[in-house]
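**Q** All chains should be modelled from the sequences, with the hints used to inform the complete structure.
Each chain is listed here by its residues.
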Amino acid sequence: MASSSSSSLSRVVVKSSDNNLFVVNKKVASQSQLLKQCIDNMEEKGTNDVILIPLSNVTSNILTLVLEYCEKHADFADDDNNNQELKQWDHEFLKKFDYATLNSLTMAADYMVTKSLLNLCCQFIADSIKDLTVQQIRQIFDIKNDFTPQEEADIKNENAWAFR
Amino acid sequence: MDISSELETGLKSHQKRPFLEECRDKEKVHQLVDRISDLPDHMIAHVLYFLETNEAVRTSILSLKWRYLWKGVTRISLSGNNFGSGKFSSLLEHVLQNCTSTNFLAYELNCPLAVDISCLNTWISRLHSHIIEKLIVHANNIINLTLPVTPLPQCILFYSTLVTLKLHCFEIQIPESIASFPHLKSIDLQVIFLDGEAAVNRLLSCCPMLENLNLFGFLDDVKVLKIDISVSTLRKFDLRLIETGTNYRKKLDIVIDAPNLEHFYIDDDSFNRYVVKNLSLVSNVFVNYESFGLATFKRAYKVCLLKLFKGIATTRFLTLLWSTAAVLRSALSYGWPTFPYLIKLVLHLSSISGRTCLSKFLHCCPNLKVLILDLVSESIITYFYG
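These protein sequence lines map, in sequence, to chains A and B.
The opening position of the first sequence corresponds to residue 51 in this note's numbering, with each subsequent residue numbered one higher.
The opening position of the second sequence corresponds to residue 18 in this note's numbering, with each subsequent residue numbered one higher.
Everything labelled a hint here was simulated from the structure, so no lab data went into it.
These numbers were taken from a predicted model, which means no experiment stands behind them.
The beta-carbon is built from N, C-alpha and C at its ideal position, and this holds for glycine as well.
Hints are supplied without guarantee of correctness; some may be wrong.
Now the in silico label distances, taken between C-beta atoms and shown as ranges [to be verified]: (1) B:Ile148 <-> A:Val163: 53 to 59 Å; (2) A:Lys77 <-> B:Tyr358: 53 to 59 Å; (3) A:Glu135 <-> B:Lys82: 37 to 43 Å; (4) A:Glu118 <-> B:Ser222: 41 to 47 Å; (5) B:Ile148 <-> A:Gln134: 53 to 59 Å; (6) A:Trp139 <-> B:Ser376: 37 to 43 Å; (7) B:Arg316 <-> A:Lys165: 42 to 48 Å; (8) B:Leu298 <-> A:Lys165: 26 to 32 Å; (9) B:Pro383 <-> A:Glu118: 40 to 46 Å; (10) B:Lys82 <-> A:Pro104: 40 to 46 Å; (11) B:Glu110 <-> A:Pro104: 45 to 51 Å.
**A** This is the structure we're talking about:
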């Protein structure tokens with residue numbers, strides 16, 4: 051990535067929780083409100099040094115994915131949110147992950163305040179829950195049923211209509 | 018260690034451990050977070066936001082942790098199609114009583130047929146103290162095109178925090194003075210206009226931020242003679258005017274003044290009269306201008322269509338359905354406007370709609386780069402007229 055501008059703020063360095071460093075283009079970083087806020091603050095101070103932003107809650111694996119998402123979305127203008135190509139890309143992007151990765155990605159999107167990615171992940175999880183039976187949801191998401199039979203019957207009774 | 022040396026060693030260490038290899042190391046990923054239940058509550062609530070409310074309630078049976086999470090949902094979405102009409106109100110009551118959320122954002126009701134208007138008013142006003150951003154109400158199903166007769170619940174007019182408003186199957190009865198919707202960006206109305214000409218105008222004049230407008234109007238029994246869409250912030254406008262009966266009625270005058278409009282979609286099946294002003298930014302236009310079964314066209318219709326074209330002449334993309342082309346064919350002797358910026362034209366043609374208009378149209382588009390001719394619809398049209 052050749053830098054055309056001499057301004058050091060055209061790029062920032064992001065550090066993952068496992069101490070790997072990522073050089074990120076400012077436009078890409080700005081997809082995350084957390085990173086954008088850091089950049090804005092530094093620019094206000096008039097700093098010309100390289101900014102290092104440590105992300106103590108995000109591992110390299112997940113950070114790579116978040117940055118891949120940000121890079122793609124930075125290529126599209128703001129008002130292209132309904133772009134079909136981008137939507138298709140989003141779907142393909144999430145489809146390849148297992149639920150564990152998806153969970154981590156959702157947490158990272160929340161932590162890094164990347165709202166569109168957070169919505170995308172949550173929508174994706176919701177869509178995968180939608181047509182499943184309770185048993186299937188428990189199985190896929192590895193949720194342990196810790197109700198007593200009586201409690202379970204009570205809930206079913208209370209919200210009977212939802213369990214048809 | 019200063020940043021640049023840290024950067025150097027950090028990058029080196031990263032190169033030694035390529036990401037893909039680590040990613041295949043599932044074990045490691047699993048150590049981090051392994052279950053959806055490990056998501057914090059507020060994020061599970063966010064997942065529940067995207068579920069229909071009955072689906073969200075169903076998650077209460079998953080485990081102890083999930084038992085009460087649904088009660089914090091910030092969106093209520095119930096569809097009457099999934100239940101009998103009698104059940105719907107008790108379900109909604111159950112949800113409204115049990116939800117403890119203090120910040121509902123979206124309220125979406127798809128009511129079953131023949132819902133009682135006073136109930137509907139009560140339900141809608143129940144969330145009145147919340148900062149609702151999105152309100153969607155389908156009061157009826159119009160699959161069989163029976164006319165809707167539910168007056169607009171007045172309480173909607175108090176939701177001044179709305180960003181998105183979608184009302185299907187309401188009469189528009191808007192009082193003289195209404196609160197403003199300072200944040201409203203998107204309106205989708207599927208309505209009959211009964212309330213004199215000013216109803217739509219009044220609503221629009223209360224929305225200083227409006228960008229998207231979908232107006233699907235039933236013209237039967239219409240008392241309005243003029244619809245004025247003068248919205249300076251409007252960027253996307255879909256207008257569909259439908260007449261379900263065949264009764265003769267007066268044509269509507271539709272005034273559109275939208276200097277920021279980019280996307281303009283007209284589907285008009287009863288030859289209304291258009292006056293378009295200030296559409297200098299319009300770049301994508303779709304026109305279906307027809308009267309079902311009509312084979313000859315009055316002079317006034319042709320003039321009106323050509324005037325409409327003149328108003329949208331700066332567009333870069335244009336799609337014309339076969340019925341529009343049929344009117345054009347009968348207007349070959351008229352003066353047509355030039356489309357100096359048009360680069361893509363999609364034209365649905367048939368022997369009836371007249372391929373004769375094609376060459377004349379091409380003369381009007383000096384910079385056309387892409388022409389898509391759709392001749393497939395011919396068989397359908399022959400069937401209609403056969």
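**Q** Could you run down the list of hints and mark each one as holding or not?
**A** The hints, checked one at a time:
no.	hint	verdict
1	B:Ile148 <-> A:Val163: 53 to 59 Å	violated (20 Å)
2	A:Lys77 <-> B:Tyr358: 53 to 59 Å	violated (30 Å)
3	A:Glu135 <-> B:Lys82: 37 to 43 Å	holds (39 Å)
4	A:Glu118 <-> B:Ser222: 41 to 47 Å	holds (45 Å)
5	B:Ile148 <-> A:Gln134: 53 to 59 Å	violated (32 Å)
6	A:Trp139 <-> B:Ser376: 37 to 43 Å	holds (41 Å)
7	B:Arg316 <-> A:Lys165: 42 to 48 Å	violated (54 Å)
8	B:Leu298 <-> A:Lys165: 26 to 32 Å	holds (28 Å)
9	B:Pro383 <-> A:Glu118: 40 to 46 Å	holds (44 Å)
10	B:Lys82 <-> A:Pro104: 40 to 46 Å	violated (31 Å)
11	B:Glu110 <-> A:Pro104: 45 to 51 Å	holds (50 Å)
Of the numbered hints stated above, those contradicted by the structure are hints 1, 2, 5, 7, 10, listed in ascending order.
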